[in-house]
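Q: If you read the sequences in order, they're chains A and B.
Here the working numbering is used: the first residue of the first sequence is -17, the next is one more, and so on.
Here the working numbering is used: the first residue of the second sequence is -17, the next is one more, and so on.
These are computed hints drawn from the structure, not numbers from a lab.
Treat each hint with caution, since some may be false.
The list treats identical chains as interchangeable, and a pair is accepted whether it falls inside one copy or across any two copies.
Cross-link-like lysine-lysine pairs, in silico, PhoX-like; alpha carbons within 20 Å at most [claimed, not checked]:
1. K183 / K78
2. K44 / K130
3. K25 / K14
4. K116 / K130
5. K78 / K14
6. K114 / K14
7. K114 / K25
There are 2 protein chains.
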Amino acid sequence: MNLNYPMLLTNSYNPLSRLIYELTKLPGIGEKTATRLAYFVLKQDLEDINGLVSALLNAKQKISFCSTCFTFTDVNPCQICSSSKREQTVICVVEKPADVHSIESSQTYNGLYHVLHGVLSPLDGIGPEELKIKEFLNRLREGQSVVKEVILATNPSVEGEATALYMARLLRPLGLKITQLAYGLPVGGLIEYVDKQTLGKAVLNRMEIN
Amino acid sequence: MNLNYPMLLTNSYNPLSRLIYELTKLPGIGEKTATRLAYFVLKQDLEDINGLVSALLNAKQKISFCSTCFTFTDVNPCQICSSSKREQTVICVVEKPADVHSIESSQTYNGLYHVLHGVLSPLDGIGPEELKIKEFLNRLREGQSVVKEVILATNPSVEGEATALYMARLLRPLGLKITQLAYGLPVGGLIEYVDKQTLGKAVLNRMEIN
Chain A
-17 MNLNYPMLLT NSYNPLSRLI YELTKLPGIG EKTATRLAYF VLKQDLEDIN GLVSALLNAK
43 QKISFCSTCF TFTDVNPCQI CSSSKREQTV ICVVEKPADV HSIESSQTYN GLYHVLHGVL
103 SPLDGIGPEE LKIKEFLNRL REGQSVVKEV ILATNPSVEG EATALYMARL LRPLGLKITQ
163 LAYGLPVGGL IEYVDKQTLG KAVLNRMEIN
Chain B
-17 MNLNYPMLLT NSYNPLSRLI YELTKLPGIG EKTATRLAYF VLKQDLEDIN GLVSALLNAK
43 QKISFCSTCF TFTDVNPCQI CSSSKREQTV ICVVEKPADV HSIESSQTYN GLYHVLHGVL
103 SPLDGIGPEE LKIKEFLNRL REGQSVVKEV ILATNPSVEG EATALYMARL LRPLGLKITQ
163 LAYGLPVGGL IEYVDKQTLG KAVLNRMEIN
């Protein structure tokens, strides 16, 4: 990143340039956005900034991984794992905690989750041992396990698909129903603009209208 | 803002949803970006987050307004006002401290600044008294003032132009050169996509090629 600071900011110990620098470390925040955010922060009341700061520190201090499903949680086991209202027979396997958040937002799923914390990526040295796969198998093999279906909801990327395939092979001997998320047209999307692979999947997986 | 929290986040005292909520208060950060940032923060080392937190607090504590030009600064008067390398005969009047940053980035200006902290906006109850106009006139009237030119660099918006006009009228009796930033084509822009008002200005203000 080329942080070409103007004269005002030549001193790198300058609190403003340090704040801009720290903000550029956040994902999707370039120098321009960081500068805008920094000036916004300076304009705000100290109280507002204290609110943000305490939320940051509080989140870091109180949130850790659920010992069952490995999502982020401030209570252990997490609210989903400990809820009696969730279906105990389905587990949705996702790459990262944010995916749990996304699927929950869709309000179409009422089962449990398991977070792998990554995908298989041999080039980056990430094999099955680096993911929470062993923990998942242990979960399924527990005496009281009532799981009947596993949804492999990894991303539709090369690594995500490879990870799903690997896990499907591992799970096959357990006699469970193994599913993956449907491919197809995005809601509100135009056929004209959908990439040909997605459109191909939408054609192949076409559904009967009842 | 409709923060439709999924089940995971129903408890508003949940540290994660509180962090997301605090992040959505930042400009240009919607719920989706805030969620992405929050999950990023949770993944980071505590050390990294402490760096951000201390930069936020440090900036708020150490930075205040320059008593001369009213930009944000950690030393008073600011580095620009106190620099002997800056031309003392030109003052560029801007709406807000971030505009000082932008003009400094262009590396085309070596004079002084004056930050108005807003523009005239009668509908919002912002009159000349709410801006740093009196302070600017005092600066010009000081015994040792050597100012020969004032650049009125307010934004090319209705309020910005009105503010520049108002100030031009105020400054006329002082016998100074009063200028404004040039209007015209953005560098790299296509004539085809430039709005007609800008294009009109570019035609009217056309420059001879030497």
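Q: Which numbered hints turn out to be false for this structure?
A: Structure breaks hints 1, 2, 6.
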